[in-house]
Amino acid sequence: MTAKPIIELRGVSKHFTKRLSLTARIGNLLGGRSMPQTVRAVDDVSLAITKGEVVGLVGESGCGKSTLGRIAVGLHAPTAGDRHWQGKSVLSLSPSERRAVQLAGQMIFQDAYASLNPRLRVADIIGEAPLAHGLITAAAEGEYVGAMMQRVGLDPSLAHRYPHQFSGGQRARIGIARALAVRPEFLVCDEAVAALDVSIQAQVINLFLALRGDLGLTYLFISHDLGVVRHIADRVVIMYLGRVVEAAPTEAFFASPNHPYAKALIAEVPRLDVRRKNFVAVTGEIPSPLAPPRGCHFHPRCPHVMPKCRIEAPSLRVIAPDRFSACHLNDQT
Amino acid sequence: MNVPTLAVEGLRTHFFARHGVLKAVDDVSFEVHAGQVLGLVGESGSGKSITGFSVMGLIDPPGRITGGRICFKGQDLVGATEAQWRQLRGNRIAMVFQDPMMTLNPVLRIDTQMIEAVRAHANVSHATARDRAREALVQVGIPSPDERLAAYPHQFSGGMRQRVAIAIAILNKPDLIIADEPTTALDVTIQGQILFEMQKLCRQTGTALIWITHDLSIIAGLADAICVMYAGRIVEQGATDAVLDAPLHPYTQGLLGSVPSANRRGEPLRQIRGMTPAPIKLPPGCAFRERCDYASEQCVARPAMTSFGPARSVRCHHPIGAQ
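Same order as they appear, the protein sequences are chains A and B.
Under the working numbering, think of the first position of the first sequence as 26, with each following residue one higher.
Under the working numbering, think of the first position of the second sequence as 762, with each following residue one higher.
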């Protein structure tokens, strides 16, 4: 990768600790041994995205993909590690620069309805942030909101309506318009199309593709749907229980996935051209992130498990140009 | 041909709301035979779930079945008494819902719920019922079933809960299972496990299965036959391969086109324009005509179901490839 990354996460971790209850703390004073529980939602992840690139972040529930997305736009401060914007650590920036960076990265949430204030009119939902940040004047707000709505394919005459008066696909568009209103360069889409019907999903994906072309946006596209990610992403990153297990350019990844988990994921994705197949089950459950297995997190479900996997966590290593995988199987060759 | 497990003919389920009549299911006909998997595909509001509820006799006012027949092994269930329904539901016909917490009682242990379901329909001892419950849990692949029987629903993960719901559905070895989007809320690897169990079950026991979903790619891998629903009507039905490889209805073609894997990477997806019409004020004639590229003046008249070979039919004035 020669181009300079627009956003780079270096070794970020995010741990959530549940504070001990009062009774547990009193119990500890009396000689009890209650420990606060820590979830390592994201565990030492590095990710660099170059300008104009679409990175698909894939994983199952609880793997930390949403937390990583929130760190990328600055909604969560990482417990460890550093976020770099255009080569500079965000922590080293002056307050005004930091605010500019904050605006440059926006997030689009999964549940469009829950992320829209039900008591605000669409005009205010879209217009509030650019007005507050001085990007537009109050006089120009109406026109600006209309332009934003048109950009995402909504009728500007609906600007005085409330979110509940729109359909699911339209609400998704409102969420996108709100994110675009502060002129971001980088968008994190967290399962932005997961709740939509197939025909509406296609419309919203097309909108994302068009916006990328028109505005030169960079995306971190978080999804559990490999079909969608395969369609729009340039590069795929697979997470499992807080760690990245594989990262590769999309075509290479789907042609030859390396990590056993990635292989299982691709095999399980239902496809139109596979008819009356014999479903083969990946064994086991996704472990609780509160008590992840030792060593490689995937080892209890892995068909190629070796003694080493139970002890030592594999590190993410280069297996081919631009391709990374974290699996002990790669050590043998 | 032998008697189908379920034959639905001209089913109409309408909801009489204050603003008008909502025709959630409007003239729907299909058949499922023993051991067969029928995929009922449609987007939200297409009436696919209401079709399932109608077959289970779970339509509450203001909804009412206003016409048609639901023949379960030759017996018409429309107009059956509540006592007759109780004999069938959970016994001969079972349903699996999208959210297993809807099926499971959160304050009762799994064994209590399962034993109750067995003894409601069979005059067996508590111990026999418990053995049957245990056997059902083993069948759906739940490890250490004895411990799991004594657990409460909240102690299970989402995938495990759905397995328990399926285990309850198969407890009395039903002839027909209606599964309403049972894997939509689950992760891909867990979805694979559930599909694996359901497929095994149908093959082994000859249970007929109706799988209701919006996801064509699941149906492709699972179903023998497909019904595509749009705005309360079946617009196309036929064998899985026939429908997916050579769709006759423009809506089916549009749906297939919008699936990302059917398109070239990075290219705009072929999309269906517009939105699903509000079910309370459907346009007269073909409900799809405002979104359809093939629509003509003819489409203002309601198209009838036209047969194209055995078990293959389409509701369209301009079926693709038929001109």
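It should be emphasised that the hints constitute simulated quantities derived from the structure, not laboratory data.
Honestly, I wouldn't trust all of these hints.
As the list claims (entries may be wrong) - If we take Cβ atoms under 7 Å as the criterion, some of the chain B residues that face chain A in the derived model are: (1) 964; (2) 965; (3) 979; (4) 1029; (5) 1032; (6) 1039; (7) 1040; (8) 1041.
Glycine included, every Cβ here is placed at the ideal spot set by N, Cα and C.
A quick look at each hint next to the structure:
no. : hint : verdict
1   : 964  : 10 Å, violated
2   : 965  : 13 Å, violated
3   : 979  : 5 Å, holds
4   : 1029 : 5 Å, holds
5   : 1032 : 4 Å, holds
6   : 1039 : 9 Å, violated
7   : 1040 : 12 Å, violated
8   : 1041 : 14 Å, violated
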